[in-house]
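Produce the entire structure from the sequences given, and follow the hints as far as they go.
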Amino acid sequence: NAGVMQNPRHLVRRRGQEARLRCSPMKGHSHVYWYRQLPEEGLKFMVYLQKENIIDESGMPKERFSAEFPKEGPSILRIQQVVRGDSAAYFCASSPSRQLLGTGPSGEQYFGPGTRLTVT
Amino acid sequence: SQQGEEDPQALSIQEGENATMNCSYKTSINNLQWYRQNSGRGLVHLILIRSNEREKHSGRLRVTLDTSKKSSSLLITASRAADTASYFCATENDYKLSFGAGTTVTVRA
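Listed in order, the protein sequences are those of chains A and B.
Using my numbering, the first residue of the first sequence is number 1, and each one after it goes up by one.
Using my numbering, the first residue of the second sequence is number 1, and each one after it goes up by one.
These aren't lab readings, by the way, just hints derived from the structure by calculation.
Among the clues, some could well be false.
Stated by the list, open to error - Pairs of lysine to aspartate or glutamate, EDC-like flavour, derived with a Cα cap of 16 Å: (1) B:LYS70 with B:GLU5; (2) A:LYS71 with A:GLU52; (3) B:LYS56 with B:ASP66; (4) B:LYS70 with B:ASP7; (5) B:LYS69 with B:ASP7; (6) B:LYS96 with A:ASP56; (7) B:LYS96 with A:GLU108; (8) A:LYS27 with A:GLU72; (9) B:LYS70 with B:GLU53; (10) B:LYS96 with A:GLU57; (11) A:LYS44 with B:GLU5; (12) B:LYS70 with B:GLU55.
Rendered as structure tokens:
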């Protein structure tokens with residue numbers, strides 16, 4: 001059973017270009033989460049998606065960032081007109097179901113290897 | 001602001017010794033999780049402890065949770081060189097994970 005897949009693993013973009021990051025969740029998982037990790041910091045929540053729905057995008061910058069999880073295909077995190085401050089590692093995670101107040105199945109999220117974005 | 005904060009920021013120990021790191025958080029949680037991240041890699045889930053649990057074991061790992069003090073600790077016993085990594089605590093409230101900045105552990109051979 002393949003884990004969470006992310007591609008590309010490394011992405012270099014010049015300022016002003018667009019970056020598209022892809023995430024394929026684990027088989028059977030319908031919940032996808034995107035996190036960003038700046039150097040020497042922990043991961044910061046960006047967005048939570050289910051198939052064809054954005055559930056919570058409270059961690060996404062208001063401009064230039066968007067995310068989708070279509071009915072078919074991987075989840076996409078898109079960053080338009082990238083700036084140097086967007087350089088970071090972007091991690092995707094998936095889970096089989098939404099955790100409900102500590103009940104139900106394990107609350108763990110399964111993380112992909114990340115995409116390291118460098119903006120030059 | 002970060003929900004979880006780990007202490008210490010860095011830890012260097014000899015192989016075979018125990019490593020202890022702590023995590024403090026601010027708001028109520030459903031559960032608290034510990035993850036490991038090897039340099040340049042993704043996160044690996046280590047252990048989850050629910051808000052109504054006080055202690056949990058998994059192999060050489062022991063996690064405690066004190067909800068009255070809003071703190072948790074991770075103990076790695078009989079450390080190995082392969083335990084060299086950054087360790088993050090993450091609190092889960094609803095579905096969001098909030099991570100601390102991590103503790104970098106170096107195990108010397």
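We went through each hint and held it up to the structure:
no.: 1; hint: B:LYS70 with B:GLU5; in the structure: holds (11 Å)
no.: 2; hint: A:LYS71 with A:GLU52; in the structure: holds (6 Å)
no.: 3; hint: B:LYS56 with B:ASP66; in the structure: holds (12 Å)
no.: 4; hint: B:LYS70 with B:ASP7; in the structure: holds (14 Å)
no.: 5; hint: B:LYS69 with B:ASP7; in the structure: holds (15 Å)
no.: 6; hint: B:LYS96 with A:ASP56; in the structure: holds (9 Å)
no.: 7; hint: B:LYS96 with A:GLU108; in the structure: holds (11 Å)
no.: 8; hint: A:LYS27 with A:GLU72; in the structure: holds (13 Å)
no.: 9; hint: B:LYS70 with B:GLU53; in the structure: holds (13 Å)
no.: 10; hint: B:LYS96 with A:GLU57; in the structure: holds (11 Å)
no.: 11; hint: A:LYS44 with B:GLU5; in the structure: holds (13 Å)
no.: 12; hint: B:LYS70 with B:GLU55; in the structure: holds (14 Å)
Violated hints for the displayed structure: none, as all numbered hints are satisfied.
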